[in-house]
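Number of protein chains: 2
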Amino acid sequence: MYFASFWDNFYYFTSMFENINRNVSKSAVFTQKELARMNELLQVKTFPKKTYLLQEGEICNFEGYINKGCVRTYYIDENGFEVTLMFSIEDWWVGDVLSFYEQKPSNFFIETLEECEVMLFNPVTKEMLLAEIPKFERVFRMMMQRSLASMVNRLVTTISKPAQEKYLEFIRKYPTIPQRVPQHYIASYLGISPEFLSKVRAKLAKK
Amino acid sequence: MYFASFWDNFYYFTSMFENINRNVSKSAVFTQKELARMNELLQVKTFPKKTYLLQEGEICNFEGYINKGCVRTYYIDENGFEVTLMFSIEDWWVGDVLSFYEQKPSNFFIETLEECEVMLFNPVTKEMLLAEIPKFERVFRMMMQRSLASMVNRLVTTISKPAQEKYLEFIRKYPTIPQRVPQHYIASYLGISPEFLSKVRAKLAKK
DNA sequence: TCAATTTCTTGTCCTAGTTCAATGGATTGA
DNA sequence: TCAATCCATTGAACTAGGACAAGAAATTGA
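Chains as they are written, first to last, in this note's numbering: chain A, -6 to 200; chain Y, -6 to 200.
Heads up, some of the hints might be wrong.
Just so you know, same-sequence chains aren't split out, so a pair can sit in one copy or run between any two.
Straight-line Cα separation of at most 30 Å, DSSO-like style, residue types lysine-lysine; simulated pairs [what the hints assert, rightly or not]: (1) 196 / 26; (2) 159 / 26; (3) 154 / 97; (4) 119 / 196; (5) 97 / 166; (6) 26 / 199; (7) 199 / 19; (8) 97 / 159; (9) 19 / 128; (10) 199 / 166; (11) 192 / 154.
No lab work stands behind these hints, which were simulated from the structure alone.
Please build the complete structure, drawing on both the sequences and the hints.
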């Protein structure tokens, strides 16, 4: 008994699933067996840089945990204007929830900006997981709550703050991202032109 | 048997719960008994115009369905700038989901703009409902999905469209609201100054 | 390795939207 | 009913940020 539990822990916290197991364990308490079942249902996939996990018009058939790498979710409006909705890095989830659940075409592009290792549920495996271990409902509900909260936050910032503050808030909140993604994508996330972002940075550098 | 079902339907679709029952039935199929149980758990409350359902700093202890009336959810940033996050009218849900679930102080104000009749869950009744009839998980998950989707939509519009288009999109999407709420609240929803909204409207009227 | 491409910077000119102030109309409430 | 407040409009002066253009720097890839 003692040995079993020791090796269980050893396995799960040294396996490739270590991170995702820790991540879901933030929302609820799971046994090793439950985590193992989840791991079994996951599909682990590696994507090279600059590949699309999802393109506009496709139905999103995954909900993915990023174990390694960095992706960008964006949207193209009627005038061809690109809006970056989010950057997702290690320990974040990606996908188009709405498209996934309602099985309808997505409006978004999801593109890797680096080589990525992603752990994926599809509608079937996710349904199985929730059916077998309902506690996972909570994990996904909290995921969505956090997304909603951060979207609201961003809307408020976008509406009420000038470009310079938006940029400072961004680098404070996501300090590692500026080193990893092209600057004009950050501009498109902040809702300002790349030229203006460059000027903002120049002004900040002078101080 | 025939009579029972007839009167059941008669009751539920002529009672004060008619609307909310129809609303939740969009996300899943419920029996009359299940709807009756939900109705039993709801607290029906009337609020006069210009009263707060929630103030910044309070913990949101409700999740409410608006049966009658109109409310505004807003946020005040560091500079005292008000951002209207949403208007909610008949057949919409109000509350601060994050504050509700995590039982932490809200950043928002929720204020009635008209006299309102609201049907409320509190954390206990909601928990009971979900425990007794897990199908309701789906209702609330879809509620949240819709909120998230509409927030994303709004962010995109806010970032990529000029004031006039934002206004036109707003009145197309929510045709009844302009008649019901002061115009400067709409400006604060759109992220533009009330003066400028007035000018936009003047220009549109000229055509 | 070096050409090709992508990204970033800087400058100039321009415009959508802001701020402030003044006026008049509409609601509210005692 | 009439004052008080709140709300919408208009105008004039200003500014944050956009669009365009051209060059420099960095990355990429064969």
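Each hint, compared with the structure:
For the identical chains of this complex, residue 196 and residue 26 are neighbours neither inside a copy (55 Å) nor across copies (65 Å), given an alpha-carbon limit of 30 Å. For the identical chains of this complex, residue 159 and residue 26 are neighbours neither inside a copy (44 Å) nor across copies (51 Å), given an alpha-carbon limit of 30 Å. In this homomeric assembly, residue 154 and residue 97 come within 30 Å of each other (Cα to Cα) only across copies, at 25 Å, whereas the closest approach inside a single copy is 35 Å. When the C-alpha separation of residue 119 and residue 196 is checked against a cutoff of 30 Å, the pair qualifies neither within a copy, at 48 Å, nor between copies, at 52 Å.
For a Cα distance limit of 30 Å, the shortest separation of residue 97 from residue 166 across copies, 21 Å, qualifies, whereas the shortest one inside one copy, 32 Å, does not. Taking CA atoms no more than 30 Å apart as the test, residue 26 paired with residue 199 passes in neither setting, with 56 Å inside one copy and 69 Å between copies. Taking the shortest alpha-carbon separations for residue 199 and residue 19, neither the intra-copy value of 42 Å nor the inter-copy value of 57 Å comes in at or below 30 Å. When the C-alpha separation of residue 97 and residue 159 is checked against a cutoff of 30 Å, the pair qualifies only between copies, where the shortest distance is 26 Å, while the shortest distance within a copy is 33 Å.
In this assembly of identical chains, the alpha carbons of residue 19 and residue 128 lie at most 30 Å apart whether taken from the same copy (12 Å) or from different copies (25 Å). Proximity of residue 199 and residue 166 under a CA criterion of 30 Å is satisfied intra-copy only: 22 Å inside one chain copy versus 45 Å between copies. Within a single copy, residue 192 and residue 154 get their C-alpha atoms as close as 17 Å, and across copies as close as 23 Å, so both meet the 30 Å cut-off.
Hints 1, 2, 4, 6, 7, counting from the list given before, are not met by this structure.
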